[in-house]
Each structure stands twice: as C-alpha cells, then as structure tokens.
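Protein chains: 2
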Amino acid sequence: MAAHTTMLDFHLETSVITDPIQAKNAQQLLSSILSEWKFNQVMVIETQPGFIIFYQGANATHGVIHVYSDGYATVTLEEGVSCKQASGTVVSEAAKVIQKMILDKLKLKRIKSYLPMKRGGPIDQFITTSDNRLVEYDFDKVIYEGDSQYQNIKILHSPSFGNMLILDELQNIAESDLIYTHTIMRHGINDYRGKEILILGGGDGGLLHELLKENPKFVTMIEIDDMVMEACRKHLRSVCGDCLDKLKGDNYEIIVADCFPVMKKFIEENKTFDYVFGDLTDIPITDSPHGEFWDFMRDVLELTLKLLAPNGKYLTHGTGLNSVHPQEMYEEELRHRSVPLEFRKFSAHVPSFLETWVFYEIWQVPPQLSNGSVENGDKRILSR
Amino acid sequence: MAAHTTMLDFHLETSVITDPIQAKNAQQLLSSILSEWKFNQVMVIETQPGFIIFYQGANATHGVIHVYSDGYATVTLEEGVSCKQASGTVVSEAAKVIQKMILDKLKLKRIKSYLPMKRGGPIDQFITTSDNRLVEYDFDKVIYEGDSQYQNIKILHSPSFGNMLILDELQNIAESDLIYTHTIMRHGINDYRGKEILILGGGDGGLLHELLKENPKFVTMIEIDDMVMEACRKHLRSVCGDCLDKLKGDNYEIIVADCFPVMKKFIEENKTFDYVFGDLTDIPITDSPHGEFWDFMRDVLELTLKLLAPNGKYLTHGTGLNSVHPQEMYEEELRHRSVPLEFRKFSAHVPSFLETWVFYEIWQVPPQLSNGSVENGDKRILSR
Numbered sequence: 001m002a003a004h005t006t007m008l009d010f011h012l013e014t015s016v017i018t019d020p021i022q023a024k025n026a027q028q029l030l031s032s033i034l035s036e037w038k039f040n041q042v043m044v045i046e047t048q049p050g051f052i053i054f055y056q057g058a059n060a061t062h063g064v065i066h067v068y069s070d071g072y073a074t075v076t077l078e079e080g081v082s083c084k085q086a087s088g089t090v091v092s093e094a095a096k097v098i099q100k101m102i103l104d105k106l107k108l109k110r111i112k113s114y115l116p117m118k119r120g121g122p123i124d125q126f127i128t129t130s131d132n133r134l135v136e137y138d139f140d141k142v143i144y145e146g147d148s149q150y151q152n153i154k155i156l157h158s159p160s161f162g163n164m165l166i167l168d169e170l171q172n173i174a175e176s177d178l179i180y181t182h183t184i185m186r187h188g189i190n191d192y193r194g195k196e197i198l199i200l201g202g203g204d205g206g207l208l209h210e211l212l213k214e215n216p217k218f219v220t221m222i223e224i225d226d227m228v229m230e231a232c233r234k235h236l237r238s239v240c241g242d243c244l245d246k247l248k249g250d251n252y253e254i255i256v257a258d259c260f261p262v263m264k265k266f267i268e269e270n271k272t273f274d275y276v277f278g279d280l281t282d283i284p285i286t287d288s289p290h291g292e293f294w295d296f297m298r299d300v301l302e303l304t305l306k307l308l309a310p311n312g313k314y315l316t317h318g319t320g321l322n323s324v325h326p327q328e329m330y331e332e333e334l335r336h337r338s339v340p341l342e343f344r345k346f347s348a349h350v351p352s353f354l355e356t357w358v359f360y361e362i363w364q365v366p367p368q369l370s371n372g373s374v375e376n377g378d379k380r381i382l383s384r
Numbered sequence: 001m002a003a004h005t006t007m008l009d010f011h012l013e014t015s016v017i018t019d020p021i022q023a024k025n026a027q028q029l030l031s032s033i034l035s036e037w038k039f040n041q042v043m044v045i046e047t048q049p050g051f052i053i054f055y056q057g058a059n060a061t062h063g064v065i066h067v068y069s070d071g072y073a074t075v076t077l078e079e080g081v082s083c084k085q086a087s088g089t090v091v092s093e094a095a096k097v098i099q100k101m102i103l104d105k106l107k108l109k110r111i112k113s114y115l116p117m118k119r120g121g122p123i124d125q126f127i128t129t130s131d132n133r134l135v136e137y138d139f140d141k142v143i144y145e146g147d148s149q150y151q152n153i154k155i156l157h158s159p160s161f162g163n164m165l166i167l168d169e170l171q172n173i174a175e176s177d178l179i180y181t182h183t184i185m186r187h188g189i190n191d192y193r194g195k196e197i198l199i200l201g202g203g204d205g206g207l208l209h210e211l212l213k214e215n216p217k218f219v220t221m222i223e224i225d226d227m228v229m230e231a232c233r234k235h236l237r238s239v240c241g242d243c244l245d246k247l248k249g250d251n252y253e254i255i256v257a258d259c260f261p262v263m264k265k266f267i268e269e270n271k272t273f274d275y276v277f278g279d280l281t282d283i284p285i286t287d288s289p290h291g292e293f294w295d296f297m298r299d300v301l302e303l304t305l306k307l308l309a310p311n312g313k314y315l316t317h318g319t320g321l322n323s324v325h326p327q328e329m330y331e332e333e334l335r336h337r338s339v340p341l342e343f344r345k346f347s348a349h350v351p352s353f354l355e356t357w358v359f360y361e362i363w364q365v366p367p368q369l370s371n372g373s374v375e376n377g378d379k380r381i382l383s384r
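The listed protein sequences correspond, in order, to chains A and B. The opening position of the first sequence corresponds to residue 1 in the numbering used here, with each subsequent residue numbered one higher. The opening position of the second sequence corresponds to residue 1 in the numbering used here, with each subsequent residue numbered one higher.
Warning: the hint list may mix true and false statements.
Any copy, or any two copies together, can satisfy a pair, since identical chains are not distinguished.
Mimicking BS3-like on lysine-lysine, the simulated pairs with C-alpha atoms at most 30 Å apart in a straight line are [as the list claims (entries may be wrong)]:
{"#": "1", "residue 1": "109", "residue 2": "96"}
{"#": "2", "residue 1": "248", "residue 2": "195"}
{"#": "3", "residue 1": "112", "residue 2": "96"}
{"#": "4", "residue 1": "246", "residue 2": "306"}
{"#": "5", "residue 1": "84", "residue 2": "96"}
{"#": "6", "residue 1": "306", "residue 2": "109"}
{"#": "7", "residue 1": "345", "residue 2": "96"}
Note that these hints are calculated values from the structure, not bench results.
With the rest of the complex left out, here is chain A (with noise of 0.2 Å):
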C-alpha cells in the first residue's frame, strides 16, 4: 500500500478566527463540506485564536483541517491507495471540489491547492536537491540496484532523462547529462589535445568517453568502486561508450583504487598532468567546513596541486547553484591552500538534477602574479 496526502490551503479573515461565532460559524461550514465527501469530524481542538479539526474519511483515509492564529489555514486529505495507483483517487478528485466548495461558502479569493504527495510508491521519486526543493521525478523502472563496499548504487530509468545514476540517493548522471560533462570540461574552451590528464573518481565513465574524444596523450582514471563501474559499463552506455569495457586502451588506464597511495605515488614519481578532473563528492552541504567530508576534499586539493604541471588546471563540480554558503566555504579554503591560487566559476542546468549546477576551474597565480589579489570577470585570483 501507498498514500496520496492532498493539500490544501487558504487565508481567512482574521475577525473569522478572533469572533468565537463566527469561528464556530467556520468550523461548521468547514465540517459540513468535509462531510459531504464522508470525512466525519471526530475532534475539535480549540488553540484560540484558531482551532484543528480531525476528521476520520470513509476507506480508512483521515483528514485535517488546521486553523492558524492569523487566520491561516490548511487542508490535508490522507489516503490509502494501492502501490501502482498513481493519480486520479477518490480524495485528490474530492479536493477540486472541496476547493471549490470553500472558495464560495467561505467567500475566498483564492484557495491553493497542491498535486497529491505520492508517498510509498515502489520507486521512491522523491530525492533531494541541494538547495532543499522537493522535487518528483518521473522514474518507471529499477534497472539496477545494488550495494558495494562503499555505496548504494542504483540506476533507474526516466522516460525524461533515460537511465540515471544515483548513488547514496544522491544523483551522479543521466542519459540525458552530455551538459554535465561538457560543462565541467569547459568542452570547446580547453584544448586537450596531447594533453596527461588525471581523472579523480569519475566512475560513471563519461568523462573519460567524452576526453578520449579530444585526443589526449593519456588519461589515467582513479576510481574505487569497481560495482558503480560495472554497472554503468553495462546501464549507461550512452554515457561512458565502451571505455568501462576494460581498464586499459592505447592512451587510457583506469586504476581500480583509493586515489590518495596513488596520488602519492605519482607525487614521488615527479609525474605532472596537465588537467586533473575532481569527479569524487561535491562540496559537502553543512553549516561549517569541518567534518570528513571537508578533510577529504582538503586532502584531495593539495595532492593535487602538487600533482598540476606548471599551467595545469583542475576541473570539479561544485554544488547546486543556490548553495552558496557552502561555494562560499569551499572559495574560503581555496585561499588557505599551500600555494596560492586562481580560480573561475561556470554553471549549467543539469536536466536529471533538475537543478543548475556550478563547476570551478582552479589554476596556481603564476609566480609573477602571486603578490597581488584581482578580480577580472568570473576569473579571482586570491592571494594569501
């Protein structure tokens, strides 16, 4: 079983709710609407000024109506459906007609109402976007789930964005994404042309497709979870092509590891690139910069500053747009990094993140540059 909870809500006028007549008069006429779609009062709780009534519907459904101390009120209709029903019950079909019931008896100008909350079903397509926005998605199908040492890794399919990638319940890439890639690649901008490049992450396989296409020298990926691999190898090929196929090409090596030994090693070995690709976690969402997931990201920047060649640059995703606490954190400890740094923000809107995305371009102030601080266009330099 599932649920579909319908909403409602409206503004009655405040001598409505301060009057204890006229209040009376409301509840009434509120309790004689619900009841005409058989939810029967079954408590009223006076909070003065304002009230909350309960109300127990036929089939098991239940309903609230809850009146503010301003006059604010709000309507919420609960009901059992089956899992595969998806729209069209008995209670979202009597709230058009208990809106329009209130509009008139209680002589409103606007009443709002929401579409039903599908709560239960069985493919949750609720998942959170960065700034908090409750979001539907239209998913019609689990193609894969499964859980590796490290994550929850499913793949669902979307009629709007094809199969897509979300792990931990976070979503990572769709069919739909080429824009993700593109962007943080500042595809047509930067010349990868018999370029070293280094891939931190990236296991969905579709920036090492989408750089391969750029004739680099080489491009080496670090990934760890070889389960997110397989499956995208397998579900997202429209995505990574046939570069998951096996770990080494003519001028491509992906690493199944922790990236930290190997960008150590490559450290002791001397061993430069010329672009480093952050494709691990985003800037995580927090109310301050500590805590692992900061320490993780901290670490990775300075292995990888000591890994840049002298115009190397490192390319990441950033977070949602609308974070910009956390962009403003994550700017924040670019300036206390071992050496000082440039860098330059660009965003797009991601389709299956149904929300638009900020990337950076970070570079090392060339040494002539490093004593002064500037700001040109998108571009800051920031200087210590």
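Please arrange chain B on chain A, whose structure you already have, making use of the hints.
Frame of chain A; chain B shown alone:
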C-alpha cells in the same frame, strides 16, 4: 503565516497490526516517541487492522500517524511558521530524530523521509508540470504581476532560471530557455534565410528575436495580449532583445489582434508563408479531444494549412513528454485534417519547465505520396 508539512513513511510487519497486543505496543511506542517532541496523543481510531492516531503538538502544531491495513504507515507533522522561514523549523528538525527513533525502536530497515512541503509562503513555489509531478521552484522575487483581459501574467525571478514568464499558472519561458526557442525552430536544421514567416502568439518575443537573427525575408507576428508583450519587453530582454520595442521593423511586423480574423484576411489575400509557428496554447491535457481548447487547436490548424506555401512547414510546441495520451489525441487530429499531413516529433529538456517538452513539425504530404502511408524514423506520413 505559512506551514511546513513534514512526512515520513515506513512499513510495519503485518503481524504487528493484526495482533491486537502488538498493535497496542506499536501505538504506545510511536506515541512515546512523538511525546518526546511534545506531540501529545489526543485520539486513537482503531481501523482494524490498522489505526490512526491524532496528535496535538506544542505551539499549535499537529501530527497524524496512520497505519493502514497492510502495515504501511505514514507520519505527517505540521507546523505553522512565519512566511519568511524557509527551512530548519522545529518540526522538520524533530522529524530527523523521530525517523531515527522509529527505525531503531521498531527495528525497521528503512524509513523514507520527505523534504517538508513549504505551504502558504509569500511566493507560490509549486507550479504543476504537464505530467502532474510536484516540483518546487526557487523563486525569490515577484518582478511583475498583472491581469490582462485574457490572462494572469506573472514574471518571477529564480536564481536558477532568471526571470520567468508564467501565464495563468503555467510556465511559458524563462531566461534560461534558449533551448526552447531553438528547438521549436529546429535551429541549425531549418533554413530561414529569405523566408516568409508567420508567428501565431509568441508574445514573449523569443521566437521573433531568434528568427530575426536568421535573415528571414519578413516575419509577421499576431499576438492578442499586449500586456504580455509589455511585461516581456521590460523584464525578459535577454529573451526578446529589442524586437518588442516597436511593432514594426525593417523585416517584421507585430499585429496586436486575435489571430483568427487576421489569418482569414491573409487567406482571402492568397498570402502564404514558408513557416508558420504555433506559439499559442499547448496541447490540452484532457481525457478526450473535446472542449473549447481542442476546437481552438483544430481551427488554428485548419487555417494554418491554408496559409502554408507548397513546401511550407508548421512548427508548434506540443506538451510534456510524459503526457502521452494528449500527444496521441493530437496526432489523431492530424490524421483528420482537410489535407493529408506528415509530421515529425522532437523533444528537449526545458530548464524552467523542469520537464522535457515535445515539439511538432507538420507539413502537407506532397501529392504523389498521398495515397500511401509510411513510417520513416521519427517522421510519419498520415494518409486518410
């Protein structure tokens, strides 16, 4: 005042609700958890099997736990908040702990928690998608609101999408949506150089602005609502450029009128167009192809067919990708026109719609082909 409605759901073992003793224990356990957060049980309704418990919370909050007959259970907690309060309310914070406590004490594997529904705020963040998904926008400012004699016109600002035009509560276009205009134009595929073009509707000016970049011979636009044009001229300049600043230019004219009499006049004058754009209402989302919107759509189509030059094309937006039945009904309509038609469908994710949108390119079957019916890729020839 506004409200946040916070929801959880989970599944209890069927035995827990069919055995009266276990059911009573579960009730007591759930109420003891909620009471720690000052939600006091005010009433239990036994629905056998299953139960509904109503709670009154501190500060005029309320809650309901509903356990359905198969053990599916919902928790819904509501809290009045000030209109400006966006998140981090007492109840939504409590919900995180309540979630964990229920998980532990009832020994469950999984509880789904939903982001709170933010109801009744100063700007309505919920606009319906064509496929009835609940999506929350990030509007932060009302730029313009007015009622013309035809419709309610709103321009809201969103950090993600820039300024966004909303007509009668439906998403029209935002500054993020060049892809919309380019897709309806088949930008880069159709050649508009030296062509005669007619736009029906198009009051946001986006189509006119983009078409004028393609060196057409002349673009005629017929838009009924000059209040829409005035609002877009002021607040959507990145969409319409300066093309709405005057009604006539070297190679365009905007006729402020109902399109029907103008189209009929053009037909009488034997005027034809290489491209006609239908930028009026979308395909109606209804169960059957009846009612005034379908009549309107059929009338527009018939007049358009009379205005198309021999190789002319009619380009129009359809509806959301998942609104399959309305598309089928529309295509059935195309099969019953006065002349045999071919069409091609294409789609694009439109950022501000938070939805993938379907577009049509429609043209008359050349006479030598009109006795057959073929399917060729995405192009369908419809003969009667």
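Requested in this report: At 30 Å max between alpha carbons, let me know whether residue 345 reaches residue 96 within a copy, between copies, both or neither.
Outcome: This pair counts as neither: shortest intra-copy Cα distance 45 Å, inter-copy 33 Å.
Query raised in the report: For the identical chains here, do residue 112 and residue 96 meet the 30 Å Cα criterion within one copy, between copies, both, or neither?
Result: Cα proximity of residue 112 and residue 96: in one copy and across copies (11 Å, 28 Å).
Query raised in the report: Given identical chains, is residue 248 near residue 195, meaning Cα to Cα at most 30 Å, within a copy, between copies, both, or neither?
Result: within (17 Å within a copy, 53 Å between copies)
Query raised in the report: Can you tell me if residue 84 and residue 96 fall within 30 Å by alpha carbon in one copy, between copies, both or neither?
Result: Result: close both inside a copy and across copies, 22 Å intra and 28 Å inter.
**Report entry** Alpha-carbon proximity between residue 306 and residue 109, which holds within one copy, between copies, both or neither at 30 Å
**Finding:** neither (64 Å within a copy, 44 Å between copies)
Query raised in the report: Given a CA cutoff of 30 Å, do residue 109 and residue 96 count as a within-copy pair, a between-copy pair, both, or neither?
Result: within (16 Å within a copy, 37 Å between copies)
Query - Alpha-carbon proximity context of residue 246 and residue 306, limit 30 Å - result: within (29 Å within a copy, 58 Å between copies)
Consistency note: the structure conflicts with the earlier hints numbered 6 and 7.
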